[in-house]
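Spelled out from the first residue to the last, the chains are:
2 protein chains.
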Amino acid sequence: MQRTLVGELGGQVGKTVSISGWVDVRRDHGKLIFFDIRDRSGKVQAVCSGAILADAEKLRPEWVVTLEGIVNERPEKMRVDGQNGNIELAVAKIAVLAKAAELPFDLSADLNLDTYLDNLPLTLRTPLARGVFNIQATVVEAFRETLREQGFIEFQAPALVGADVEGGAASFAVDYYYGKKAFLATSPQLYKQIMVGTLERVFATPKVFRGEKHATTRHLSEYSSLDFEMGFIKDHIEVMAVIESVVRAMVGAVTSKHADFFTARGVQLPLVPEQPFPVMKLREAQKILGAGEEPDLEPEQERAICEWAKKEHGSDFIFITHYPVAKRPFYTYEDENNPGYTKSFDLLFRGLEITTGGQRIHEYDTLVAAAKAKGLDPDKFSFYLQAFKYGMPPHGGSATGLERFTARMLELPNVKEATLFPRDLNRIDILLHESDTVEE
Amino acid sequence: MQRTLVGELGGQVGKTVSISGWVDVRRDHGKLIFFDIRDRSGKVQAVCSGAILADAEKLRPEWVVTLEGIVNERPEKMRVDGQNGNIELAVAKIAVLAKAAELPFDLSADLNLDTYLDNLPLTLRTPLARGVFNIQATVVEAFRETLREQGFIEFQAPALVGADVEGGAASFAVDYYYGKKAFLATSPQLYKQIMVGTLERVFATPKVFRGEKHATTRHLSEYSSLDFEMGFIKDHIEVMAVIESVVRAMVGAVTSKHADFFTARGVQLPLVPEQPFPVMKLREAQKILGAGEEPDLEPEQERAICEWAKKEHGSDFIFITHYPVAKRPFYTYEDENNPGYTKSFDLLFRGLEITTGGQRIHEYDTLVAAAKAKGLDPDKFSFYLQAFKYGMPPHGGSATGLERFTARMLELPNVKEATLFPRDLNRIDILLHESDTVEE
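Quick mapping for you: the protein sequence lines, in order, are chains A and B.
Residues 90 to 529 in my numbering are what the first sequence lists, from first letter to last.
Residues 90 to 529 in my numbering are what the second sequence lists, from first letter to last.
What the hints contain is simulated information worked out from the structure, not anything from laboratory work.
It is possible that some hints are incorrect.
[Said to hold, decoys possible] For lysine-lysine, the following DSBU-like pairs were computed, each having C-alpha atoms within a straight-line distance of at most 35 angstroms: (1) B:Lys463 x B:Lys416; (2) B:Lys188 x A:Lys323; (3) A:Lys188 x B:Lys323; (4) B:Lys469 x B:Lys323; (5) B:Lys463 x A:Lys461; (6) B:Lys188 x A:Lys463.
[Said to hold, decoys possible] Example chain B residues on the side facing chain A (calculated, C-beta under 8 angstroms, incomplete): (7) Trp152; (8) Ala262; (9) His451; (10) Arg512.
The structure displayed is predicted, hence computed values, not measured ones.
From the three backbone atoms N, C-alpha and C, an ideal C-beta is built for every residue, glycine too.
Chain A with its partners taken away, still in its complex shape (with noise of 0.2 angstroms):
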C-alpha cells in the first residue's frame, strides 16, 4: 500500500491508509496503546487496541514502523491544537522496519551541550533541531536565490589552497601528495576577485576553515560562507545594498516558511526596518557608546550598539563601516575621503558581527604595495595577481557566516547549536581530549 505522510492526513478522514515513521512517543493505558508517530511532514496520534495489542506491546520509542488503519476523528473532547490534533489512526497493521535499542536519555530532556553533541545521529531527530536546520536550508536558498535574480552566478570555490597567504586567519595544514603541505582555505575571497573579472558577478557557499584555538560560544573550526563579489561598482554602498536585500530575502524567506516554529519555540523573528539598515562609521559608533578609538568593538560593544539600533530605528540590523585600514585585509580599499580608514563595514545581527565586505582594491600596483604594507610576499599569490595585471573593475563583496546568522536568528546562545556537526578544538564528532577539555 502507498505511503501516506502523516502531514497529509487531514484530508484523508475514513480512509484507510498506511504510514512509516518513528515511534515518538509510546502511551501504554492496558487495553489502548497510544503512539505519536513522527515523520518528515509531522506527527499523529495512532491508537491500538483489540486484537493488535499484542504487536503493539513490543513497539518502544524509535522503532521505525509502517502502520495501516483508518483516520478517525477525534471525539470532540480529545482533539488538542496542532498538527493532526482532530484526528488519529486507528491501527490495523503493524509492521516493524527496525528495532532501537533503550534510549540513553529523555531526548525531551534539556541536554547540555556536550551530550547533545555526543549522540547527535539520535540528538537531531528533535523538533529543536529538526526545525534549525529546516530553517538553515531555507536561509542558504534565500541567499543565492535573491544573488541570483541580481545577476550573479554560482561557483565552486576550492577548499584546499597552496599556500596560507591572506594573514590573520590561522590556517590547518593538510599532508598533500610526496611530502608537500596543502592548507584549507580560510576564506573564498581570492578566488571570487578572480571570478569577477571572468563573470563579473559570483557568489559561492563553500565551507572555510579557522585554526583559531578560541573555545568560545561563536567560533567554529568548519563554518559555510555565504560568499558573493560584484564588479563595476562605484563604492561600498553598492555592496552594502546588495547584503541588505539578501539578509530581507533570508528573514522574508524564514518568515514565511517557519513562523510557527518562532511562535512555538518563543522566539522574535528579526525586526527588519522598513527604512535601510542603520549604518554609522566604526568612530561614531564608539562615540555612541563613550569607547575609545580602538581598531575595532569589543563584544560586548556590538551587542550594545545592537540595543542602540533596535531601541533608536526598530532593527535589529546595523552597518558598521570605516575600520582603520591597519585593521583590515590587504586588498581593502582605503577611502579617499577618509585617509586611514576603509571602504569596508561589518553587519551586525542582535549583537554579534555575522556580515564583513566592502571595496576590494582593484588597481595591480596600488594591491601589490598593499600587499607589502601588510608584510606578504606578492610572489605567494602570483596566481592571484594575474587577474589585476590583466585588468579588474572596482569591485566588492561580502562574507556571511550561515551558522552565525542561523544562531542569531533563532537566539540560540552557542552557535554550535546552528552547525549540524561542529568542529572546534575539542571535537570532531567525538571529544578529542576528553581527559583535557578546553573550557568555553
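Got chain A; can you put chain B on it based on the hints?
What follows is chain B alone, placed relative to chain A:
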C-alpha cells in the same frame, strides 16, 4: 550615467547609453578604431572616430572601460549574425577603469592544458570557459531544485572528519590542534545517512577529497559531489528513479538555457530517451561486451556499453546494477535474491561513470557484521552507528560527480576543463613539482 548591459542594447537604438566592460578585441583602421566590448551579458562592437580617436588609440585588450555613446543600427552590409550583430555603439566618451598588461598569448588560440591552467585568472575569460561554468551553475541548481520539489532538504556536510573510516578511497590528513590528525572527507556518505534518521530526505553538494595518486583525464583531488539520500524506500530501483529525474532536469535546464552554446561549440545535447534509462546487471553488460566476469567494468568497457546504449536505446545514459559485494563499501545492501551481489548501481554517461548509488544496510547488527567482514573496526565509527542503534528506515541514495557530469555533457576531453581551479597531484593553482611532473 546608469550602466546598460551590452545584452540589453538591442532596445536602445538611437539612445545615448553608458556601457562598461573589457576590451575584447581591438581593430585599428586608422581613421576608425573598432572594439569588441565584453561584459557578463555578451559583446557589442564600439566604433571610435573623430575627436575620440586620441583616447581610443591608447586602449588595449583586457583594459576595463566605461564607454558612452549612441546606439546605432549598423549599415545593412555590415550586419553579422549573432548577439548585437545589427547594432554598434558610436563612442563619444571613454573612461579607463583599469589598464591591463600586454597579454602573454593570444586568448583565442588553442592553449595546451598547462598553459590554460597556469593562467586561469586570464584564460577563464574566454567564451568557452565562461560558458562551461555558467552551465555548471545551471546543473547544480537543477539538481537542488529537483530534489526540493521531491521533499528533500539541503544540509551542510562536514569536510573535516575524525578518521579515515570508510575504507577504499585514499584520504588526506590534516594537522589539527595539539598534534592530532584529522582527515578530509572522501564523501558525505556517513553523514547523509545520519541525516536520513532526522530529516528522511536530504541532499548536499559538498567538496570531497581523494588522495589517489592517479594523473588521468578523469580524476581530481578535490571535486564537488552531488549527493542525496532518502528513507523509507523499497529498494535501489526507487533511488535510480530519483537520480534519473534529477539527470533529466539537469539536461532539461541546460537545454533550455544554454542550447546556443552547444550549437556554437558543435556539441550535441545529451540524448535522453522517452523511455526510462536502460538498465542491466553488471553480468549482463559483460555478456553483451563478450567480457569476463570481473568485479567492475574497465574504462574501455564503460565506453563500449555506452555506445551500445546509444545505438540500441537512443540514450546517452545507462544504469549498471548488481556489483559484487566484494567491490562495494561495507554499508551496501546485499540483494536477497542475488546472493553475493548488491542492490547498487552506477550511472554511465557518454562512456564515463558519473554516479554511484544504491540501497544501504539499515539494520544495526547487519551493518556491524558487514563492516567487520571488510576488516573495518566498528569502534572507529561508533558515532555513525548510533543512527542505526536507535532505529533507521530502509534507505538509499547516490552521489554524482559535478565536474565529470559537466565534462561529459560538454564533451570536454579532460575533467579539469570542467573544474574551475583543479587540484591534482601536480598542481594547486601553480605546478607543485615543476621539475618532476607526473605524466597523464
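A quick look at each hint next to the structure:
1. B:Lys463 x B:Lys416: holds, 10 angstroms
2. B:Lys188 x A:Lys323: Since the Cα atoms of Lys188 (chain B) and Lys323 (chain A) sit roughly 17 angstroms apart, the hinted pair holds (cutoff 35 angstroms).
3. A:Lys188 x B:Lys323: holds, 17 angstroms
4. B:Lys469 x B:Lys323: holds, 29 angstroms
5. B:Lys463 x A:Lys461: The hint is violated at about 54 angstroms.
6. B:Lys188 x A:Lys463: holds, 24 angstroms
7. Trp152: holds, 6 angstroms
8. Ala262: Holds - the Cβ of Ala262 (chain B) comes within 8 angstroms of chain A, reaching about 4 angstroms at its closest.
9. His451: holds, 6 angstroms
10. Arg512: Result: holds, 5 angstroms to nearest chain A Cβ.
Checked against the numbered hints listed earlier, the structure breaks hint 5 alone; every other hint is satisfied.
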